[in-house]
Each structure stands twice: as C-alpha cells, then as structure tokens.
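Protein chains: 4
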Amino acid sequence: MSTQPHGVLRVIGSDRPGLVADVANLLFRLGANILHADDHIDVEAGLFFQRVEFALGGEVAGADRERLRGQIGQTCEQWKMRWSLRWTDAPIRVALLTSKHPHCTLDLLARHRAGELACEIPLVLSNHPDLELEVTRRGYRYVHEPIQAGEKRAQEQRMQAHLEAEHIDLVVLARYMQILSRDFVAPWSERILNIHHSFLPAFAGAEPYKQAYRRGVKLIGATSHYVTADLDEGPIVWQDVTRVSHRDAVPDLVRKGRDLERVVLANAVRCHLEDRIIAYGNKTVVFD
Amino acid sequence: MSTQPHGVLRVIGSDRPGLVADVANLLFRLGANILHADDHIDVEAGLFFQRVEFALGGEVAGADRERLRGQIGQTCEQWKMRWSLRWTDAPIRVALLTSKHPHCTLDLLARHRAGELACEIPLVLSNHPDLELEVTRRGYRYVHEPIQAGEKRAQEQRMQAHLEAEHIDLVVLARYMQILSRDFVAPWSERILNIHHSFLPAFAGAEPYKQAYRRGVKLIGATSHYVTADLDEGPIVWQDVTRVSHRDAVPDLVRKGRDLERVVLANAVRCHLEDRIIAYGNKTVVFD
Amino acid sequence: MSTQPHGVLRVIGSDRPGLVADVANLLFRLGANILHADDHIDVEAGLFFQRVEFALGGEVAGADRERLRGQIGQTCEQWKMRWSLRWTDAPIRVALLTSKHPHCTLDLLARHRAGELACEIPLVLSNHPDLELEVTRRGYRYVHEPIQAGEKRAQEQRMQAHLEAEHIDLVVLARYMQILSRDFVAPWSERILNIHHSFLPAFAGAEPYKQAYRRGVKLIGATSHYVTADLDEGPIVWQDVTRVSHRDAVPDLVRKGRDLERVVLANAVRCHLEDRIIAYGNKTVVFD
Amino acid sequence: MSTQPHGVLRVIGSDRPGLVADVANLLFRLGANILHADDHIDVEAGLFFQRVEFALGGEVAGADRERLRGQIGQTCEQWKMRWSLRWTDAPIRVALLTSKHPHCTLDLLARHRAGELACEIPLVLSNHPDLELEVTRRGYRYVHEPIQAGEKRAQEQRMQAHLEAEHIDLVVLARYMQILSRDFVAPWSERILNIHHSFLPAFAGAEPYKQAYRRGVKLIGATSHYVTADLDEGPIVWQDVTRVSHRDAVPDLVRKGRDLERVVLANAVRCHLEDRIIAYGNKTVVFD
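Protein chains in written order, with my numbering: chain P, 1 to 288; chain A, 1 to 288; chain V, 1 to 288; chain E, 1 to 288.
A few of these clues could be false.
Copies of the same chain look alike in the list, so a pair counts if it fits in one copy or across any two.
Claimed, not checked - 20 Å max Cα-Cα, derived DMTMM-like pairs, lysine to aspartate or glutamate: (1) Lys210 with Asp183; (2) Lys256 with Glu116; (3) Lys210 with Asp252; (4) Lys152 with Asp64; (5) Lys210 with Asp42.
None of these hints come from the bench; they were simulated from the model.
In this text the structure is predicted, and so the values were computed from the model without any measurement.
Take these sequences, add in the hints, and give me the full structure.
Right under this line is the structure:
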C-alpha cells in the first residue's frame, strides 16, 4: 500500500449532460491518477453523486493543494454542486461520547490501534466515570462531564467546549445514553454518528431489545445513522441483523446485539472517515 | 424416509417438576419410538413447551389412535396443558387467498407439487380473476369471489362458505391485498398465515417497499405471522432480510422482496404443517 | 420506467491516466445521457473496468447505432480496451439446459414471465423427458435430446445445432446433470452459466449436499459461475449461503439448497442479461 | 438471573425406546428442576443426544453432587451412553494460544471481562512477545515460549507443562500460527478450539484470504473447529460468512475477516463453556 497521500473528492449536484465528462477532464488536466471512482444517479431526484479517490504524481505541497482546491471549486460551482475535497494525510479528528457500556468504545479504540480507522481520537467524553480506567490504560484521554440535576444544557456546553478545544471533526456516539439537545446537534450536521441497538425504524426509543423480545421478532438489528434534531430519525448509514429464536431471552439479545452494534458502528465510522458517505435529504449514498 | 405415519404431539403448560418425566413415561408406556423431541422453557413466563414426533411399531388403526389420544389427553389435562396430536397421514387442508401478485401463490403450488409441503391444497380463492389461468393449468381449483362496492362483508361470507365446504384447516394469505374483518378472522385463530412485505414492526400498513425506500434503510425484510384482529400485529413466525443500497430504487426493492416473501412464507407454512409452531400471547415458539 | 432503449457499454483495459476522461468525453460528444456509471480499478492487475448505461435523446435508428458503435470502437481500440455495446431493445436469446430437477428451470421461466428477466427464452433443452409437460404448458418450447450409450458427443452436437438454429446468446445450465465436453464449451466462452449446489470451491464434483452433510458444515451454499473446460472452476458470478444445523439431514439440505440455487442462479442470469458482469482471468467484476 | 449453580448433563448413546423416559425419570427422582432440555436424534446413525440444564432446590454440597454423579453414571452406563456432568460454579479453565495477530485474543479477553464467557483465563501463551503489553495491562498473565530453530517439539513440551501447571481444561487457538504436532494434540481431544480464517473445507491451509481473493469468491468465511491430528479437518463447531465483491482487495478481506473470526471463535468458545457441543465422529451437535 502506497503511503503517498490521496485526495478524495465528493460531489453531489443536479444530473446534467456533460457533468461527468467535465469532472473527468478536470481531474485529468490536474494530473490526477484515479484510484477509485464511484458514481450514482438518483433518477427520481435528478441527482448525480460521485466519489473519486486520486493520487498526484510525487509530493503535493500545500500551495499545490490550495490551487487544486481552487480549480475544483470553480468547476463544481459552475455546475452548482456541493463538494468536498480531503487529503488522506490530514486525518479526521474524532471524539467518542460514551456512557457506561464499554463494548462500542473499546472496540473502536482497538480498531484505531490496529490501524483499521484512519483518524485521530484525541478525546473520549462521558457523562459517567465508569470507563475511565479502561480508556486511559489504552493510552487515550478520558474526560468525565457528569450531568447534574437540572443542568443538562450546561454539561452539553462543557462538552462542546472540549470538542472545539480539540478541533474535533466527527463525534461518535458509542452508546451515549443521553438525548442530545437540538442546540448541541445543530452545528454538527452530518458529523455526529450514532449507534441505535435496533433495526430502525423498528424499535426506536428506549430499550429496543426489550421491545424486540416482547414483540417476538425473529431477527434483531443495529443501525448507525447521522444524528439530527429528531431522535432516531437521521439518515441511515449502516444496518445489520442477526437471527434470534424463542430460546433467546433479553440477555441473549443484548449479547448478540453487542456484536452487531460493534460491527455496524465501526463500518459507519470507517465509511465516514474514508469520505464514502454522501447524505442528502434523509438518506445516504454509501460508496463501499 | 419411512412412509409409516408419525404422530406429532405439541404441549404447552406451566413448567413444574415432574412434567417432563410424566410426558416421557407416557410416550414410553404407549410404545412410542421418539424421532424428534424439542423442549423449551420460558423461564420468565414459567411455561413449558414441547414438540415430540414419534412412531408406533407397525400399523396404527383408528381405534388405537383414539385410545392414544384419550390417554395423552388425560395426562395433559392433569397437568393443565394445552395440547394437540396429529398424524402425518391426515394431511392438513390448505386454502390460498390471493389477489393479483402471482409470486407467492405460484411458489407455494410449485413447492406443493415438488412434495415440499405435506398438505392438500383444494382451493385457491381470490378477489381478482388475474391468476385463474396460471393456477388452473397447474391443476388447482381457482375460485374468484370479487368484492362489489359496499358488500365486502358479503364477499367474506362467501369465502367463509368455500373454506367450510372444503374443510379447510389453514388459510394462507399469499399476498391477499384486502384487510380481513374481525368477524372473518375470529374463528381462524392461529390458522391464518400472512406474508407482510417488510421487517415488522417496521413499515406496517400499505406500500412497505415505498416506505422503506423513503426511509433509506439498508436492509429490507419480509415477515410471516398469524393473523389476528389487529393488522400486522399477530404472532411472528418467520422473518428474513436482504441487503439493499442506494442503487436500489423501488422496483429493485420489489424484485428483491419477492424472493424474500416467497421463502419466508414457505418456511412459515412448512413449520405450521409440521406442527412446529406453538403460539402463546403475541409470540411463537418455532421448533425448526 | 422509460421504454426508450438504452445502450450499455462495458470496457476493460489497462488503467492509464486520461482513459476515464476520454470515455466520458466520447459519451458526451455522442450526446449520451448517462443513467448509471460504474468504474472499478484492479490496482494490483493494473486494469480499469467500466459499465455505462446511457440513453440518447429520442429515437436511435439502426444507422445511428452503427455510427456510434464505430466511434466507440475507435476510441476503445486506441486505448487497447476490450469492449461491448448492447441495446436493451435487442434482447438476449437464452436457452435453458436441464435434466430432471424442475426447480431452477421453472423458477427462471416464472421470472421471465413476470418480466424480471429481460430476454427471450426460445428453447429448453434436456437429456430427459421429465419436465416436458411443465415447460410446455407454461408456453415454452421443450426439446428432448437423450444421451444414448456411447454417443454423448453426438447428443452434444445435436444440442449445439439447436442452439445455433435458435441464435442463442446465453446458455443456462439449470441443474443440467451432465458434464459438457471441452469441445461443446469452447465456442461459448463467458456465455454458459452454471449453478453448482455448493459454496465453491468447497464440495466441487458430485453430490455436494451429501459431502456437506458428511463434513458437518454449519452453512450450505450455492454458486453460479461461467463454465470453462475445467469443471466447477470457472469465474464465479454469484454465491450465497444459508445456515444449517445438526437437525438437518440430507433431504433438509436439499430443500434449503433449492431456495438458494434458485435465487443465486436467477441473480447471475439477471446480471449477465443486464451486462453487469465483466470476466477477466478466473474472476469477475459484477456491477450490481 | 439466579446465581444458584446449575448442573449441565450431556449424554450421547444408541437411540432406544425407553431411554428418554429413563433420563427424565432419573432427573425427576433426583429432584432436578429442568431449566433447558435439548434432544437430538441422528436417525441415520441411530444415535441419541441430550443436553439438560437443571437446578436443584437450595445448596448442593459436594457430597450430594458426588452421589448425584454416581446415580447418573449408573443410569448412563446401563444405557451404554457417553456422558458428562458439570456444575456451573466450577468454571472451566481456559488458556489462549496466540502469535502476533491481536484481534481474537483481545476480543476474548474483553468478552471475559464483560462477563460474557463463564470461565477463568489464567494463561495466555504465545510463540511471540508482541502481545505481551496488551495482554498484561488488561490484567492477564502472558507467557512467551519462543520456538528456536529445530526445537519445536521442546517448545510444545514447555507449553504443555504450563497448561498442566495451570490445570487448563480448554485450549483456544486464537490465531496461533503454528501447526501443533500430533503428540501435543493427542491428550486434548475435543478440548482444543481453533479459528480458521476461511469457510472450511474451502481454503484450508495457509493464507486463506489470498486463496479466496485469487479464486474470486463472493463471500468469505471463518470456521471454528476442534483440533485433531489432521490439520483443518476436525469437527466444525461454528461458521459464518460475509459478502465481498470485486472492490475488496486482500487487505479488505483481512479486515472483514477479522470481524468474522472474532464472532465465530467467541461463539464456539461460549458453546464449549456452556457444554452445548457434543462431538461425534467428525461432526458436532451444537445445542444453541
């Protein structure tokens, strides 16, 4: 695997003739060697989506990158496209928010350590002290911000300050068991990923495994989605399910669900970090 | 495979010491050779479930069967258990109810012809004429009972008359697109199986694939359940899902869903025919 | 869904800078409105793959199509790419080869009738007479070409003559239980699809369900692949598996396997018909 | 969940009339309250399998347990059954053998810490020093036994000595990358679990992900099995697969495979610890 940094360009815009050719020509003129290219056209919505991962020959100095960004921006604006360009050597800074359940948090840290997640994780924030030892002895920073009665908003503001101080790009709710306020969520559009322990939209809200047990479903699921102001309603990024039977009581669902949650959240985070997700309306394109 | 008829005993009752031994002793005294035995205990509900499939040496005349039934009944009543006993040479009589979509109906008929479903299918009932040719040229009887404006209840009564005339034991809604009235459903408790084209409880009601598309889920499902007076709320028997992506528009979901629906409904019907299902409350034990 | 015919272009060639832009420019200059575009780069092999589905404004007469074909051909040859161009209103002609097991053959015919497979099926060929009634009463032509002792090659030649007479483009082995000779296979490179009832490369050869039962695997599978001279070794197009347990004897594996085989083969056929498959070496790119 | 210890009885023997009743009567006479009961009959082999989990009212002193064991043994021997009886408060002692890949080892330790695996893990043994820090800072003992050139057997003997000194009941090969000798394996029949990173019997031997990539399969798998003298040939306990495509190069298969391996091995270990597995010949019954 080359260690040379790649650029990742994502565009979304109205689908019109010539657009594909224009983007291709632009990248060619810029000397980009395309490594991966994924297109999608939502015929019904008349939208075009593209993700291109490319390398440039040799080193790409900061000035070159800025010039490139300018040229791409110019083309994209001509076509009235939303776009983003990121370099793989400018890793995303991630904060994990957690409560008491360790499995998602520790799993993400283990994947990070194993090199599976190309990001920095300068901060694990929690409203509980429980996971401090486990997190810190893996070498990560743990900040405990408890919620005092009646001052939930103040705690959110303290968390917000930590996120800003650490220049966080992505917040991952790794079984953070508090509902975040509309004010907290607003500035983080498409930059907060949550794991919900059900196959949404089934069993939104509290205690989904108990709900699933009571309803007698034969499969349980987990869903990772971007967080919006409407609880459990944001754009879905990844889902998976596993089979259960009458032999599985709630603790069995919880145990089986943990394995789902870990993998589903990890896949969503990986796709976000690799700029594979384009959200639009309440949906996502995931180029995986 | 032996062609000798088997007995299938299902029991459900309060879980108490001695119950398992008593049932085992009873079957032993009756000379039953146990072929399959499945137990389940719902610890929370304090309930015991058992399915035993057994053979008796040689022929079992009608009189013997009645005596056996009497003895089993006596034991089960001592323990205040619900029970059923069926012989595999007394096949269940099944009616399919359908509307216009052919896939579930024709799939069940093909499985029946292939010997996969141990039942008789003397009747396919429909509120539309569309599938008549396909059904009759496979050698099955098709009865068209249209719904005239304002006389839905009358049509149900005509259907009910057909079901009675044919001594139907099980009604399978193979994409029957009408909501059955409470009156129609009442006498058929745990004897009507439906296929709903979503992973219930997500996307209950009309046009689940459109709902799924709009919500942007990453998996679609199908659910077979017993029909109760509450639409899409009956005990779930079988569910499965398949992966979808942003590349799948509604027609793709419909196509992928058809394969799910067929297999999910067929599994539910097979389990019912083999007495593998014990429904209790709004849940099922499925000994598969 | 528009009924206007689409063009589908597939290309495969050495991955070089400018190639993507050149193909995009070509299609733009030709006035193509791109409906779907999928690229893939096999970095290790240095190969570029693309499938583009496009519409042209209004009618496209035969002469226009030829001119288009010429221009595309010219560009592709400059880049030394293998390519194909097909129009969706020139449906592929498919022959099914079958023996005695009906499930795959009848399933494909049912999908064809339901409009799920965009092709013509002018011919079902078999070395046995068993399925004649089922096939013909669905309105398809059935030709029985039995294999006499010692004259297997002669039977293949008779089959080959039927395929030629019917201008067949794709041969689907729907549980055809004879091994085809190297001579028969040779002219049909990447145009014969087989269904093998195991998860290849596990359990190649005869009686895979018995092999699976004996080995005690916990999942069984089915594999659809292009047929090459080496039995069960051709490029894999589609695979799927289902869970089994100690409770499943060989007949249960056969029953569960039938559902797999149907869906796996149907997906492979659909992908071939929609020009979604590009085979290279012993592998495939499947743009699904 | 009760903290009162349970007994778990497993029996396997020739299937004969009266056997089920005799076991049920025995447990009833002993005052056992049955919590779970699973039976299986392998009709072809004429074998009966049973797993019964039971509680006795109140405390069960050591002497009572011995008497119970004697009575069960007597009955089982009359029926010439292989049997085992274990108490859930006598946890199994597990050693992990590992090399350099951390994911399975650390995953099992995390599950152990989370209370998901009812066992003791007094020992992690490795032929490499790499994982020492990660293991020890989680509070587990790590012993490094390197393999010097030409003295592999000596290293095995040192490992064997550690296993004996720690009274190990179960050895888990958590990506231990050495082939164990026949002599090492012999005394551990059905007490060594391995994880192989393919869907066996496909891709046995070295580098299965590379083999899978070259063969172009569309699913990759993982298999946990008991280790016998024949490499990758022992009785399979658990398997699972995940979908891959042409977009997945070998490093993607490795990444996706890690998630499979973790879950497959953990399920196999859990089933062993809960006495859910009965191996016979080269197969297993897994009562899950």
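Hint check results:
no. : hint               : result
1   : Lys210 with Asp183 : neither (30 Å within a copy, 32 Å between copies)
2   : Lys256 with Glu116 : between (23 Å within a copy, 10 Å between copies)
3   : Lys210 with Asp252 : within (11 Å within a copy, 33 Å between copies)
4   : Lys152 with Asp64  : neither (46 Å within a copy, 56 Å between copies)
5   : Lys210 with Asp42  : between (37 Å within a copy, 15 Å between copies)
When the structure is compared with the earlier hints, violations turn up for hints 1 and 4 and for no others.
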